[in-house]
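Q: Chains as they are written, first to last, in this note's numbering: chain A, 26 to 390; chain B, 26 to 390; chain C, 26 to 390; chain D, 26 to 390.
Any given hint could turn out to be false.
Which copy is meant is left open, because identical chains are indistinguishable; a pair holds if it fits in one copy or across any two.
[Said to hold, decoys possible] In the DSS-like style, the derived pairs of lysine-lysine whose C-alpha atoms are separated by at most 27 Å in a straight line are:
| id | residue 1 | residue 2 |
| --- | --- | --- |
| 1 | 302 | 123 |
| 2 | 285 | 335 |
| 3 | 99 | 245 |
| 4 | 342 | 32 |
| 5 | 32 | 245 |
| 6 | 171 | 285 |
| 7 | 78 | 342 |
| 8 | 302 | 224 |
| 9 | 171 | 90 |
| 10 | 171 | 78 |
| 11 | 285 | 90 |
| 12 | 285 | 302 |
| 13 | 99 | 342 |
| 14 | 224 | 84 |
| 15 | 335 | 302 |
| 16 | 78 | 245 |
| 17 | 78 | 224 |
Read the hints as simulated data drawn from the structure, not as lab findings.
Here are the chains, one letter per residue:
There are 4 protein chains.
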Amino acid sequence: MANSFGKSFQISTWGESHGGSIGVTIDGCPPGIEVNEAMLQHDLDRRKPGQSKITTQRKESDEAKIVSGIWEGKTTGTPIAIYVSNTDARPQAYDEMKEKFRPSHADYTYQSKFGIRNHEGGGRSSARETIGRVAAGAIAKQILHKWNGVEIRAYISSIYNVELPNSAFIDFPSEEQVESNIVRCPDPEIAEKMIDVIKQARSDGDSVGGVITCRIRNFKPGLGEPVFDRFEADLAKAMLSLPATKGFEIGSGFCSTFLKGSEHNDVFYTDDEGNVKTRTNHSGGVQGGITNGEEVYFRVAFKPTATILKPQETLNKEHEATELIGRGRHDPCVVPRAVVIVEAMAALVAVDHLLRDHGQNHLFG
Amino acid sequence: MANSFGKSFQISTWGESHGGSIGVTIDGCPPGIEVNEAMLQHDLDRRKPGQSKITTQRKESDEAKIVSGIWEGKTTGTPIAIYVSNTDARPQAYDEMKEKFRPSHADYTYQSKFGIRNHEGGGRSSARETIGRVAAGAIAKQILHKWNGVEIRAYISSIYNVELPNSAFIDFPSEEQVESNIVRCPDPEIAEKMIDVIKQARSDGDSVGGVITCRIRNFKPGLGEPVFDRFEADLAKAMLSLPATKGFEIGSGFCSTFLKGSEHNDVFYTDDEGNVKTRTNHSGGVQGGITNGEEVYFRVAFKPTATILKPQETLNKEHEATELIGRGRHDPCVVPRAVVIVEAMAALVAVDHLLRDHGQNHLFG
Amino acid sequence: MANSFGKSFQISTWGESHGGSIGVTIDGCPPGIEVNEAMLQHDLDRRKPGQSKITTQRKESDEAKIVSGIWEGKTTGTPIAIYVSNTDARPQAYDEMKEKFRPSHADYTYQSKFGIRNHEGGGRSSARETIGRVAAGAIAKQILHKWNGVEIRAYISSIYNVELPNSAFIDFPSEEQVESNIVRCPDPEIAEKMIDVIKQARSDGDSVGGVITCRIRNFKPGLGEPVFDRFEADLAKAMLSLPATKGFEIGSGFCSTFLKGSEHNDVFYTDDEGNVKTRTNHSGGVQGGITNGEEVYFRVAFKPTATILKPQETLNKEHEATELIGRGRHDPCVVPRAVVIVEAMAALVAVDHLLRDHGQNHLFG
Amino acid sequence: MANSFGKSFQISTWGESHGGSIGVTIDGCPPGIEVNEAMLQHDLDRRKPGQSKITTQRKESDEAKIVSGIWEGKTTGTPIAIYVSNTDARPQAYDEMKEKFRPSHADYTYQSKFGIRNHEGGGRSSARETIGRVAAGAIAKQILHKWNGVEIRAYISSIYNVELPNSAFIDFPSEEQVESNIVRCPDPEIAEKMIDVIKQARSDGDSVGGVITCRIRNFKPGLGEPVFDRFEADLAKAMLSLPATKGFEIGSGFCSTFLKGSEHNDVFYTDDEGNVKTRTNHSGGVQGGITNGEEVYFRVAFKPTATILKPQETLNKEHEATELIGRGRHDPCVVPRAVVIVEAMAALVAVDHLLRDHGQNHLFG
């Protein structure tokens with residue numbers, strides 16, 4: 026049982042890929058926040074399938090209904106419930122999955138753990154579950170923006186072997202720049218190469234993964250709850266709770282091990298306005314588990330999608346050898362659609378920590 | 026506030042580097058487990074400073090006292106409390122820290138968050154806090170061993186630019202092999218090179234970081250609580266909650282992005298005894314957030330220690346520019362001592378998930 | 026923020042009296058349980074308004090839709106989401122509440138806490154919120170019955186000054202007996218007197234309260250988690266979390282203070298089948314916070330409903346004196362409808378403790 | 026597992042009656058609070074045995090040591106750890122308990138649940154466990170006093186058949202008045218009668234129970250977290266988590282059922298200073314689960330102590346009939362010593378709710 030995330034701003038998601046609907050509740054949202062529903066729908070649209078030639082052709086409108094917790098356009102401090110109907114379910118497309126375990130999917134492990142599973146569309150392990158996260162994240166972003174103008178921006182920094190160099194140190198891109206191409210890489214030339222790689226994977230019936238870089242600016246110092254709920258620890262958990270993720274780095278990450286302490290330490294100074302700053306930011310905006318006011322940045326690795334259109338050996342429910350022949354709708358690369366999901370999870374962690382520090386009802390005085 | 030970890034097997038640590046003592050309580054330990062106190066002390070000894078020439082010369086006996094929850098050698102199901110006295114505290118050594126923020130330490134962020142801090146030895150942010158984790162982890166290991174012979178082995182896979190290749194795929198080393206050299210790398214030749222790098226850092230008054238690989242075998246399928254408390258998500262959080270960690274990878278990690286789906290997928294088969302297995306293990310023993318019975322393996326990056334013996338620019342409490350001159354005891358590389366801490370955190374995550382599945386009182390029938 | 030209840034079998038309710046719908050999610054339900062939806066609807070029907078002449082005439086069909094977590098009639102171990110549409114909302118009936126604080130209602134305190142409130146029908150503080158509890162409780166009852174044939178029976182033991190003597194010591198009534206009259210008192214003669222009292226209150230435009238007795242049988246010893254989550258402590262919290270409750274007693278309750286230790290102690294003996302029993306049961310089936318296998322029984326006091334049809338002095342939102350004239354639908358006594366809610370909360374506490382002991386996935390081997 | 030209480034100001038107790046020590050940690054205490062250790066010790070002294078002729082003659086110094094979380098007299102926001110050594114343990118006095126289940130004690134239920142128990146002095150179920158609650162409660166009181174001058178006062182309102190009439194409506198007594206006699210009833214004449222009843226029970230080798238009334242004043246409106254963590258629900262749980270408690274009432278309690286709505290409703294008005302007040306306070310300071318600024322008052326029933334000096338039938342561990350002959354130290358009435366424990370639990374609930382509303386680090390701006 027673990028369908029809730031967050032301690033003070035707590036979201037709970039429910040629903041399967043092929044049930045009638047899928048949704049989320051948010052418990053602990055501060056009262057009196059004006060919620061822009063168009064921005065919420067905008068984020069859901071960025072997540073939904075069928076947006077472009079490089080994603081799956083499943084067509085879902087993914088239209089959100091907010092059914093409680095908002096009154097005359099503002100949050101009331103009571104639970105916000107949001108749901109989205111599943112419209113393009115094709116249960117019969119999954120008949121093969123009923124009998125066979127798809128390699129590197131959750132079929133076998135769900136069956137082992139629960140002794141029963143809803144095989145249609147992956148059931149609860151489907152990426153459709155992230156709809157609730159994105160909807161809640163969209164509200165979290167609005168709270169962060171109101172609090173201190175906090176901005177969160179995620180974008181693709183690599184797809185397969187095509188990489189955006191120094192991805193965390195380019196100018197902080199606008200959302201428009203990120204959205205200017207279907208792969209969501211702020212560098213248009215590199216984006217073209219990434220798109221080519223994905224198209225090739227599609228025509229091969231294969232799949233590719235990649236890396237998302239995410240940055241948060243305008244934080245104040247003081248968010249993070251050591252020793253266990255360090256800000257970066259909760260970010261790491263949030264990211265690894267997403268389907269298909271295999272790695273997380275904060276700040277200098279694994280590369281930190283190639284620097285010496287004298288090179289890695291972030292020296293403090295005071296800027297012209299008297300703010301405490303650091304000359305470098307290898308820490309990634311977090312020291313001792315608490316934000317220091319510098320930009321928070323991190324990277325998340327997504328493996329290539331498990332669903333491919335090539336025949337694969339596998340086992341059936343009786344544990345006999347069989348072959349699985351992928352067919353139907355196929356998403357050769359989920360990473361571009363995951364950009365908004367990474368932003369959502371980052372926003373959820375940030376608001377949760379904000380409310381742990383300030384309380385639900387006294388964030389805005 | 027976040028000094029507890031785990032939902033069903035919950036540890037809470039308390040204490041500062043220079044208070045009279047430091048400790049941990051464990052809530053939810055199954056009753057009737059024989060606790061081998063020598064094994065617990067053995068792990069604390071592996072963690073303690075002053076073990077060898079390459080670590081800090083702070084001398085602590087780190088002798089554990091178990092003051093509740095054990096009755097005639099067995100756990101009773103009630104809270105286990107363990108503490109260790111601080112004996113080698115030298116408060117005067119920290120006078121400079123009272124006034125100055127050490128770069129890349131937690132001094133500034135604790136001051137920002139709480140408006141007050143115990144500066145001696147880093148107070149609560151000191152690595153001495155991990156004593157409680159190691160003590161609790163030693164009990165967790167004994168539960169795992171009793172349950173299904175589970176073994177957890179961590180070791181150094183890189184220090185600065187010296188690397189153990191294919192670190193997760195060497196033969197599963199014994200603890201003796203890991204402990205056969207002071208750097209805790211199972212390959213003796215590479216260990217020598219790592220030791221040289223650390224000695225050089227020490228003589229330079231500088232520091233280096235590295236990577237720890239950790240492996241868990243003899244798991245059964247079924248541990249992990251999707252969608253948020255996936256097994257790897259809780260591992261990621263556990264590791265990023267350790268001081269000085271900057272990155273986490275499960276299974277193929279960031280390298281997964283250089284494979285295609287057809288290469289990355291782990292094909293199922295049945296072994297001679299009828300067990301479901303996978304031919305490769307890019308997943309790292311976890312699919313859909315749930316263990317599949319294969320070996321779980323992961324890597325953790327530790328940055329170079331922030332404390333160095335070179336002069337550094339910084340700010341004092343009044344935010345004025347000043348210089349910090351490191352002196353006194355100095356640990357050029359904490360990673361070898363972190364090996365047992367990584368094992369402890371892995372054991373804590375594993376037992377917590379085990380009890381979430383089985384309950385506190387029915388694990389052993 | 027506190028819209029979740031339970032640690033291992035956790036329910037979260039959402040929705041307001043006059044939003045489009047109201048609902049609940051259940052996280053942690055064991056997999057493989059056959060859910061009888063008719064029994065769930067039956068309990069909702071027992072709770073709903075407009076059942077008889079002595080309750081409010083608000084007409085709601087309160088038809089439950091289960092939208093996730095059930096697959097081919099069985100639970101899957103994933104979140105169960107249930108909702109009910111609000112059909113008989115009459116927002117205009119609440120215009121007066123927008124401006125005036127109803128005495129002994131939550132209008133003033135919600136306004137004080139959140140600075141905003143949905144005034145229609147009491148918003149989140151409406152008793153309609155208990156729909157989700159009843160729906161979840163109906164599933165909890167089915168789990169308890171499957172586990173050990175556990176039966177939970179609540180009934181009215183007093184309305185105003187009409188009392189059922191020795192209410193906890195009459196023969197364990199069947200649900201049919203309880204449901205045989207509209208006030209839900211298993212003694213038909215006393216029930217008639219209670220109904221008269223309620224009718225009188227209705228014709229006076231006034232209201233009355235009462236006491237519900239609840240009993241649980243076929244428990245095994247061992248449920249309850251001292252020292253804080255004692256079985257009776259969680260029951261007390263569950264009952265006091267219901268609207269209009271003012272008191273809770275377990276076993277001998279307040280009357281225990283009129284006995285001496287030698288009279289109150291429950292002497293152990295062994296019955297013919299070798300089971301450990303107690304000759305009396307002043308403990309109410311719980312000793313040291315843990316069930317001992319005897320019948321658990323407790324009593325809950327409900328104050329008279331705050332909504333009455335008499336003019337009352339009060340304040341408006343500007344804190345000026347004004348008069349509130351009750352009108353419209355009026356429920357002179359909510360206690361008969363609360364019988365099924367008390368059963369539901371008792372079932373939720375019991376299943377939660379059962380799963381804390383046994384784990385989510387190993388309750389039925 | 027449930028040795029923690031509170032969500033934002035969380036205490037965890039550990040230790041058994043006859044282990045070397047017993048203690049508590051507090052996680053989430055706001056930083057910068059001056060802690061008066063003498064007041065903490067004062068409360069422990071009010072709880073400790075052997076204070077007067079009417080309590081047990083066990084002699085314990087119960088001297089508290091604060092070993093972390095306080096720095097130069099002030100809280101630092103990190104975990105506060107406090108422990109007390111057990112000095113007057115007489116393990117041999119409990120040899121009989123090893124074999125026999127004491128009636129209405131926790132011996133049988135602990136054995137059933139855990140399959141093992143520390144029988145000495147009741148082990149974990151001993152009232153010594155409340156030491157940690159009282160120590161933490163003393164700090165909570167200091168926070169409440171600093172926040173808004175909140176005062177919490179508990180006192181005895183009945184012992185066996187001697188009652189203080191209208192106990193919640195007498196003038197708010199000073200601590201001096203309560204402490205002016207050994208039974209802790211603010212009315213000296215009634216106190217004398219109560220003492221006589223207890224003396225009689227002692228000379229009979231028997232025991233008596235009683236009721237404690239507790240009142241909290243100077244609260245602001247707005248504390249309480251509906252729908253489940255209503256202020257009174259958390260109070261009820263806190264009180265029923267204490268050993269020997271059987272009932273809880275908030276405000277009008279069970280007597281509310283003898284009033285009609287028109288009599289029970291608390292009419293709002295504005296006092297001379299413009300504060301919103303209610304003319305009566307049947308609600309007990311809480312409406313809709315949230316404090317309304319009126320005095321919070323509640324009553325708690327304690328059964329007669331289970332330990333008596335008369336022979337009692339019982340069973341041994343093999344479930345064979347036997348006789349238990351009480352001897353040794355005997356506490357004919359624990360209720361006077363429970364007064365400070367009730368205050369402590371009330372303070373813990375109040376601070377927890379305060380911090381849930383305001384956050385750990387922004388309570389005092």
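Q: Please sort residue 99 with residue 342 into within, between, both or neither, judging by C-alpha distance up to 27 Å.
A: Result: close only across copies, 19 Å inter versus 50 Å intra.
Q: How would you label the pair residue 285, residue 335 (within, between, both, or neither) given a Cα cut-off of 27 Å?
A: between (46 Å within a copy, 12 Å between copies)
Q: Can you tell me if residue 285 and residue 302 fall within 27 Å by alpha carbon in one copy, between copies, both or neither?
A: within (21 Å within a copy, 42 Å between copies)
Q: For residue 335 and residue 302, with the copy left unspecified, which applies at a CA distance of at most 27 Å: within, between, both, or neither?
A: Only across copies: residue 335 and residue 302 sit 21 Å apart there, 52 Å inside one copy, limit 27 Å.
Q: Between residue 32 and residue 245, at a C-alpha cutoff of 27 Å, which is it: within one copy, between copies, both, or neither?
A: both (20 Å within a copy, 25 Å between copies)
Q: What label fits residue 99 with residue 245 when the C-alpha limit is 27 Å: within, between, both, or neither?
A: Both, since 25 Å and 25 Å are each at most 27 Å.
Q: At 27 Å max between alpha carbons, let me know whether residue 78 reaches residue 224 within a copy, between copies, both or neither.
A: within (8 Å within a copy, 55 Å between copies)
Q: Since the copies are identical, ignore which copy is meant and state whether residue 285 and residue 90 lie within 27 Å (CA to CA) inside a copy, between copies, both or neither.
A: neither (52 Å within a copy, 38 Å between copies)
Q: Give the relationship of residue 224 and residue 84 under a CA distance limit of 27 Å: within one copy only, between copies only, both, or neither.
A: within (19 Å within a copy, 58 Å between copies)
Q: Should residue 171 paired with residue 78 be assigned to within, between, both, or neither, using CA atoms and 27 Å as the limit?
A: Neither. Shortest intra-copy (36 Å) and inter-copy (51 Å) distances fail the 27 Å Cα cut-off.
Q: Pop the pair residue 78 and residue 245 into one bin, within, between, both or neither, using alpha-carbon distances up to 27 Å.
A: Result: close neither inside a copy nor across copies, 40 Å intra and 41 Å inter.
Q: For residue 171 and residue 285, with the copy left unspecified, which applies at a CA distance of at most 27 Å: within, between, both, or neither?
A: neither (39 Å within a copy, 42 Å between copies)
Comparing the model with each numbered hint stated earlier shows that hints 4, 6, 7, 8, 10, 11 and 16 do not hold.
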